[in-house]
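J.: Below are the chains, spelled out letter by letter.
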Amino acid sequence: MSGTEAASDADADATVEPERESYVGRSVRRVEDYDILTGRAEYVHDITPPDCLHMALVRSVHAHARIESVDTERAEAHPDCAFVLTAEDVRAEYNPMPSGLVGFEEWSLAGDVARFAGEPIAAVFATDRYAAEDVADLVAVDYEPLEPVVDAMDAREDGTVIHPDVGTNVPDAERFEFGDPDGAFADADRVVEGEYSWGRISGVPLETAGVVAEYDPDEDAFDIDCNIQLHTLVDDTVYETLGYPPEKVRLNVPADVGGSFGTKIAIHRYCCLAAMASQQLGGRPVKFVEDRLENLQGGDMHSTERDYRVRLAVDDDGRFRGLDVWFVDDFGAYPRYPVNQVLKPLSVLTNAYAIDDVVYEYELAITNKTCQTAYRGFGVPAHLYALETIVDEAARELGIDPTELRRRNLIPPDELPYRLPSNNLYDSGDFPAALDRIVEIVDREERVPGGLLDPEVVARRREEGYRRAVSPSIHIEPGVSGSDWTDRQRSDRDELPDRSRDDVAELPEHLRGRIREDGSVEAFLATDTSGQGHRTLVAQLLADELGVHPDDVSVSYLDSVEAPTEYGTAASRMAVMLSGAAKGLGEQLTGNLRQLAAAAWDADVDEVRYRDGAVVHDGTGDELTLAELAAEDADRTAAGEEPLTAASYDYQHPATGIEAFDDALRQKYPVYPTAAFAANAPIVEVDEATGEVEILSLYTLRDCGTRLNPMIVDGQAMGGLAQGVGAALYEEFGYADDGQPQAVTLFDYLLPSVTNMPDVELYHQETPSPFTATGAKGTGEGGMIDGPASIASSINAALADLDVVTDTIPATAHRVRRWIREAEAGAAEVDGDGPGATDGDETTGD
Amino acid sequence: MRTGTTGPSGDRPTESIALALNGETVRAEVEPRLKLSDFLREECDLRGVRVGCEHGVCGACTVLLDGRVVKSCLVYAVQADGREVETVEGLADDGHLHPVQAAFHEAHALQCGFCTSGFVMSAVELLRENDDPSREEVKTALADNICRCTGYHNIYDAVEQAADALSTGETRADGGVLDCSAPGGCDCAGPAVDGPPAGYPTGAGSASGGSTAGGDAAADPGDPARGDRSTPGDDAEGR
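Protein chains in written order, with the numbering used here: chain H, 1 to 846; chain X, 1001 to 1239.
Derived by calculation from the structure, the hints in this document are not laboratory data.
In this text, a Cβ means the ideal position worked out from N, Cα and C, and glycines have one as well.
Here are the simulated SDA-like pairs of lysine to any residue, each with C-alpha atoms no more than 25 Å apart in a straight line:
#: 1; chain 1: X; residue 1: K1139; chain 2: H; residue 2: T812
#: 2; chain 1: H; residue 1: K248; chain 2: H; residue 2: D650
#: 3; chain 1: H; residue 1: K583; chain 2: H; residue 2: E562
#: 4; chain 1: H; residue 1: K248; chain 2: H; residue 2: E93
#: 5; chain 1: H; residue 1: K248; chain 2: H; residue 2: A92
#: 6; chain 1: X; residue 1: K1139; chain 2: H; residue 2: E685
#: 7; chain 1: X; residue 1: K1139; chain 2: H; residue 2: Y730
#: 8; chain 1: X; residue 1: K1139; chain 2: H; residue 2: A813
#: 9; chain 1: X; residue 1: K1139; chain 2: H; residue 2: F747
#: 10; chain 1: X; residue 1: K1139; chain 2: H; residue 2: D759
#: 11; chain 1: H; residue 1: K583; chain 2: H; residue 2: E659
#: 12; chain 1: H; residue 1: K248; chain 2: H; residue 2: E105
#: 13; chain 1: H; residue 1: K583; chain 2: H; residue 2: G547
#: 14; chain 1: X; residue 1: K1139; chain 2: H; residue 2: N756
#: 15; chain 1: X; residue 1: K1139; chain 2: H; residue 2: L751
#: 16; chain 1: X; residue 1: K1139; chain 2: X; residue 2: D1164
#: 17; chain 1: X; residue 1: K1139; chain 2: H; residue 2: T755
#: 18; chain 1: H; residue 1: K248; chain 2: H; residue 2: R284
#: 19; chain 1: H; residue 1: K583; chain 2: H; residue 2: D612
#: 20; chain 1: X; residue 1: K1139; chain 2: H; residue 2: E694
#: 21; chain 1: H; residue 1: K583; chain 2: H; residue 2: R20
#: 22; chain 1: X; residue 1: K1139; chain 2: H; residue 2: E692
#: 23; chain 1: H; residue 1: K583; chain 2: H; residue 2: P768
Pair ranges (Cβ atoms, derived):
#: 24; chain 1: X; residue 1: D1011; chain 2: H; residue 2: D748; range: 30 to 36 Å
#: 25; chain 1: X; residue 1: R1135; chain 2: H; residue 2: S556; range: 34 to 40 Å
#: 26; chain 1: X; residue 1: N1130; chain 2: H; residue 2: R408; range: 50 to 56 Å
#: 27; chain 1: H; residue 1: A186; chain 2: X; residue 2: E1136; range: 53 to 59 Å
Model the full assembly from the supplied sequences, consistent with the hints where possible.
T.: Below, the structure is given as structure tokens:
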């Protein structure tokens, strides 16, 4: 799939076609850049219609409290106050917001009870945001504090039930059993157990949520500009709340969104409130930009927070016999659509290991914290971390080198495509070779005189109080999620075993295109983008399909009314889905254009060929360019005929055409037909005194099949790894015992920055997918999926002789320091002296 | 914050300010509490000044105040009275990108772009003072800007590439903008009069004109990760 050199033939023979250079596979620079660099790019924060009002929110100061009264009198009396919206107003005219689980009722403004610190209680509107905040300060709320539930393990006890109507703080749970785990665990030589915690983090994109809503009283319809992610999938979270049919609520997402990483999927509350206000005000536009404090505290966008109990059944020779994963996930106060974040790990259930007998069990807990949304990886980063940590513990118990233990259990290459116990398939890849290769790379580059792992250097650093180590590991990144399985938790699960393949309703990827008057191509995406470069990608794809230059292809976006419902940009889908859609659209359009030309020449369709932006008549040699064809079509459409220069295509999800996925599809198990993978070797150095972990260099060998734009793919990997570093070491939304959020500024929530982003040595290889048209695999979540697990494993290697394991993520300095001190104190008690002498070795390698 | 649009509430006094903004004088009546970031965005329509945190950490709002980087969310508009402010909108010249902007494009140093204006201004300040910064010096200059998308390494590369472009002396007499067709500059075809340069991929269906901007036929760097790190056999199909 990589570009081929153009081989033009100087003596051009009409029947010999020079091979055209392919844009796909090349690092084409991005079309998005110019406007962004010059400041012209319009993000939703930049949209301010004249006469627009600005919203500010009054938010609960308590994690759990009865709202006794909301007094808006002083606020309404403020001269700059245009309007106030209360929970009563919302309840009188509108509906609750759709929930991720049946049985929950969540209103846009909390009425009787506030269930997390930061939950909006009232909304005020003024001519500018400064005044709106003045007005918001004048709203007086009387609370009766209630007992907050701040820990998922406590929540499970159902001491204080946060939603009495639901009756429990664990509204959803499921246990999956594959093979014969009881037998495997009974039969194995030993069982290794561990308890691990994955802290509450989130995407925290640089741009916060934003909306400009305008109600049209004449049309009785809404026009909403917002930066919601998946606007053509989750528009129901807005129109159902407003009580309108979808065609009356138009969600427009600008071409430029300042990052999302999944978190903006659930910003519907803001869209709803702004739209409601606009309607109440007779159509005046209403704008809201979430500020950073709101975003961090109560922005409806925290993610996975889990306590794991993992058991690994293993034989003394190192063979993994069985796996038992149990966890509780703290979903905050209300379960939103991304509830299936607890299920995605089924698609990579055993990571790169061959284990047939597995238990996977989760409990979804409600607490008085900010609600959960999706974040890059969608629950998989935590799962891989837990699995790789138990593997490290098993290595210690068995006395086997951790890398060797991993190697012994990797799925052999001749078993790909490999069917997991959970029925998803890994499409292609040689995992043992990749692990060997990263080991070899690190040995060659760093385990040499003067290298980071030069044994003399390591020993000297050890004497100075720094423990340097590396633990290579390999991780699978599942890609291209199907859509049908995602509502498993809202389905009747008892009926799933009887479901037929015909009941599976996968959403295709929709792509539209047309030839403009000047012969250029205009394409339309039915989803949204937040920095991934889709416009560039589609320009490359269609340039190849239509034989034109990427500059001749412009790409824009359909709104939620124009576009059909589709899944869209999430779950590492778009490289594969867009390439399939572009191929289909190209075929559709070129077929149409041949028809058009044939008609114009009064010739047979078989006599004409499409080539490089024109249709050629084989017999006469006549040619019609795209511009000329557009003119032809204009005549036709003027006469009332359907245009042939416009077309659309719906690309079916690749798994739907592959029988091997039928079981997973039928039973609503997560279906991810591509398995990108990464072999990582982060070289870490742990400061024994402070507990600080420095990543000296992060070696990574990455494979996502065919790279449609290598530059963009590698950019995604680097960004994902940065998030992985942040997750592993720095980021955390802590909560105090009373439910008060602790990380409400960026001083508290530490994003990876120039000062702590490590050097990355990025190597790549391409093992094409047999399941996709181009061989590309989904890759958008890579780095975040594999980074934390591999960093934790390297820390484990550094602290192996203390028998310390990274049992909590993030492995912040204070935690690491405590682990070291406790281990040393424990050893002192046992031995009567200090920790045992070390041999200054980083313990792992080949 | 618009003058004249707030109601006559009486307790929103304003002050007069006058400043040089991207080379032009701007006068306005502003509330003392109005942030410079909001003033630039809302009053001066300079949307390239992005606001990411309003508490001085992320650096998206970075502008130059009398030639020094500041976080405009931590500066009040009244503090800019009588001073000189430069934003990203003032960098490009006749549609030509400033070498820093061009280098960011070339090095894929932006993804969502929300942090980009801030990084560009920080880089501009650095390169005005230091035309050959080391990697460490680049990192120090950029340490006050946060990016959530790129992982930073392409940004370092971009700044170093811009430094090369500027220090090879291929700048115009006014020291402003590189001739776009020069090596190390941007990869568009040449000067343009209005809007983006010809051949600059904008997605707006500009005339193809045989430019290489989108196709980067000559400039494909192969492994955009560490070029000297890829071993033979990388990029090949299979393993």
